[in-house]
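From first to last, the protein sequence lines are chains A and B. Position 290, counted from 1, in the first sequence is what my numbering calls 290; the numbers after and before it change by one each time, with no gaps. Adding 389 to a residue's 1-based position in the second sequence gives its number in my numbering.
Honestly, the hints are just simulated from the structure, not real lab data. Where a beta carbon is used, it is the ideal one built from N, C-alpha and C, also for glycine. Don't take every hint at face value.
As the list claims (entries may be wrong) - List of simulated lysine-lysine pairs, DSSO-like, C-alpha gap at most 30 Å: (1) Lys90(A) - Lys134(A); (2) Lys508(B) - Lys706(B); (3) Lys524(B) - Lys292(A); (4) Lys671(B) - Lys706(B); (5) Lys479(B) - Lys430(B); (6) Lys264(A) - Lys134(A); (7) Lys601(B) - Lys282(A); (8) Lys681(B) - Lys264(A); (9) Lys681(B) - Lys501(B); (10) Lys671(B) - Lys479(B); (11) Lys282(A) - Lys430(B); (12) Lys264(A) - Lys653(B); (13) Lys479(B) - Lys408(B); (14) Lys212(A) - Lys419(B); (15) Lys524(B) - Lys264(A); (16) Lys443(B) - Lys41(A); (17) Lys653(B) - Lys135(A); (18) Lys134(A) - Lys119(A); (19) Lys212(A) - Lys671(B); (20) Lys134(A) - Lys105(A); (21) Lys601(B) - Lys292(A); (22) Lys443(B) - Lys706(B); (23) Lys135(A) - Lys41(A); (24) Lys419(B) - Lys430(B); (25) Lys292(A) - Lys653(B); (26) Lys105(A) - Lys54(A); (27) Lys317(A) - Lys119(A); (28) Lys135(A) - Lys282(A); (29) Lys292(A) - Lys681(B); (30) Lys135(A) - Lys681(B); (31) Lys317(A) - Lys134(A); (32) Lys408(B) - Lys282(A); (33) Lys19(A) - Lys671(B).
As the list claims (entries may be wrong) - Beta-carbon label-pair distances, calculated as ranges: (34) Val202(A) - Pro713(B): 42 to 50 Å; (35) Gly507(B) - Asp262(A): 51 to 59 Å; (36) Gly211(A) - Met390(B): 55 to 63 Å; (37) Ala416(B) - Asn346(A): 51 to 59 Å; (38) Pro275(A) - Gly558(B): 20 to 28 Å; (39) Asn735(B) - Thr280(A): 52 to 60 Å; (40) Asp262(A) - Asp734(B): 34 to 42 Å.
2 protein chains.
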Amino acid sequence: MKQVRIGVIGLGMGFSHAKSLASGAIAGAKLTAVCDINPAKQQAAAETLPADVKVWSDAEAMAASGEVDAVVIATPHYGHPQEAIRCLNKGLHVLIEKPAGVYTKQVRELNKVAADSGKVFSIMYNQRCNPLYKKLRELIAAGELGEIRRTNWIITNWYRSQSYYDSGGWRATWAGEGGGVLINQSPHQLDLWQWTTGMMPVRVRAFCAFGKYRNIEVEDDVTAYVEYENGATGVFITTTGEAPGTNRYEVNGDRGKIVIEDGKLTFWRLRVPEPEFNQTYKGGFGEPECWKCDVPVDPHHPQHNGILQNFTDAILKGTPLIAPGEEGIHGLTLSNAMHLSTWTDNWVELPLDEELYHSMLQERAANSVKRKPVQEIESVDMSSTFGSY
Amino acid sequence: MKQVRIGVIGLGMGFSHAKSLASGAIAGAKLTAVCDINPAKQQAAAETLPADVKVWSDAEAMAASGEVDAVVIATPHYGHPQEAIRCLNKGLHVLIEKPAGVYTKQVRELNKVAADSGKVFSIMYNQRCNPLYKKLRELIAAGELGEIRRTNWIITNWYRSQSYYDSGGWRATWAGEGGGVLINQSPHQLDLWQWTTGMMPVRVRAFCAFGKYRNIEVEDDVTAYVEYENGATGVFITTTGEAPGTNRYEVNGDRGKIVIEDGKLTFWRLRVPEPEFNQTYKGGFGEPECWKCDVPVDPHHPQHNGILQNFTDAILKGTPLIAPGEEGIHGLTLSNAMHLSTWTDNWVELPLDEELYHSMLQERAANSVKRKPVQEIESVDMSSTFGSY
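Isolated chain A (complex conformation) (with noise of 0.2 Å):
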């Protein structure tokens, strides 16, 4: 193969991957098609989307048309595994948006049939692009801050006004979206917390609120604290309700510290390890030396191009996938413990009790209130969140 052809599935954030694809900024990729249900969409794309780009409304005659290698789901959550294991059963390669699904127990079976399938299965994780975190975690698999002992992640930044969750039916309801700011907002730094680190808890004890700040029925508010089988412990914070937001990841090993925040990278390097200053000083107070080191992070951020570009690399070239779609369970396992610590008043301890989750969401979902009336916003535009997440 020396090109890929590729449809992008769900023309709402799936729009902007579809425009970039369209552009020619993905080499070795080209758009053959786009599909949404929405006749609005399909409309607007044959409008702005080169003329020999196929409009289809039905993704499933898309997939079996024979006109595309690989596929770009960009539907609501729920659908994400559903469409993905008919793409790969048809033999198309996928890139699923996140999250990868709602419940883990749909996201295992999704990746039990991506293993089996042999094609190329991805995330579009694209903050694993930001050079930011890619450099945390390089310095971490390192050993530069040597054993992890904390993380704080306070992502409150995700502001988000009724009138956004006004926007659509579907937001913001058990039923529609399966949770709130764990699932729509945070996925990208639930997944970069445990893939930076490395390390996944072992239990989890969280704090969500429901329709805090909103009229939604879904977590717009929630503190979460974790353990790791290491006995580091972490928290993350995470809010739509709060203007201006705060992110700042800091992580503590006992080699020093580092802290992402305003887009900058600090490290606090201690000249000895912790513990080993521990043994030998005999002052009594006192404390390790410790350098503020200016580390260089590359200033380009690909972010979904990145991912796009990394997508068809793997296709064409077998180059390692940046963000696995089989990783994608990993941060929704984090947003399910959460949901079920909450739920329960109790620790969850990993790995989840999936079937309980299910059953318990299920349950939210049964009984989730359509909110109305529901205000089509013409102004909410997906690409405004598009540059920066």
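Let chain A serve as the given structure and place chain B on it in line with the hints.
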């Protein structure tokens, strides 16, 4: 009274206070007596302090001598309430070191005696003189932040090596100190947390680790989550095991956000309150206009001398106290609640079940293991913590 004759009881931290008083830095105060049960400390006092300062070995005798109008109590924590009650009952004004005591039941008794005594009763919360926290309190009280929604204090720069803990047999034991980082290092921040916001939580869920980083029996690592009556949430993280630590305090309200870090206060002010923006905004994405404001903060931090002066002024002129002794119970309540939540692995509602806390503490104190060998370290000079905290 033209001049307050002050006696200092306990010459660890108290020695610094004695020297300040003897230096004449506190207008209207005169150091007339000091007391310690340790002969070496008596000798050091006799050699260092002016010749007219009488050195006592028996605090009760000193209090009864008629040579002091007021005392500064800087004995080990457990003794604070008992010593203070004794002095108040002798008709003396009392300034106690923090914490007010080790368990709130004991401190409640002290508060009652103090209220009935009509004497001036204060506590050495010298960080209330820190212009950064004074300013924060003033801004919040004036409504500049609006309704508080979230508090977050990462106060992990209390590094203590094993040699520090080994420097005194009473240190970091249930019987000797009655706690670890919460009772010894962080009481200032526990106080400021409630003092700056004017809010105490209604319930606490905390995660203390005991002897995690050091060979001690008390907590050296704490993460606590709290909820306030108005729906706000908070997180407090502290440890003595990390280097380099962090001291970052963020308060978010519906009119903006204030962060105190690196000796600076930054105020992000919303042009209109968030709820008002949310009600009127119809655009979907978008958030309130926010101004990053440079707020002037008095550069002068009078530290302990600020409290000593204020205590003296309160006696001589009726000046209102910066840190009324009765308020020492608030921070201690938070500390006790964090222990109790960990011990019971459950929520702790406030007001605290003081009997339960006391009995669980006594149990631990009864089983307290005296660590040995205890090494007296010459270089452990309390004055090294004196300037900063």
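Hint numbers contradicted by this structure: 1, 4, 9, 10, 14, 16, 23, 26, 28 and 39
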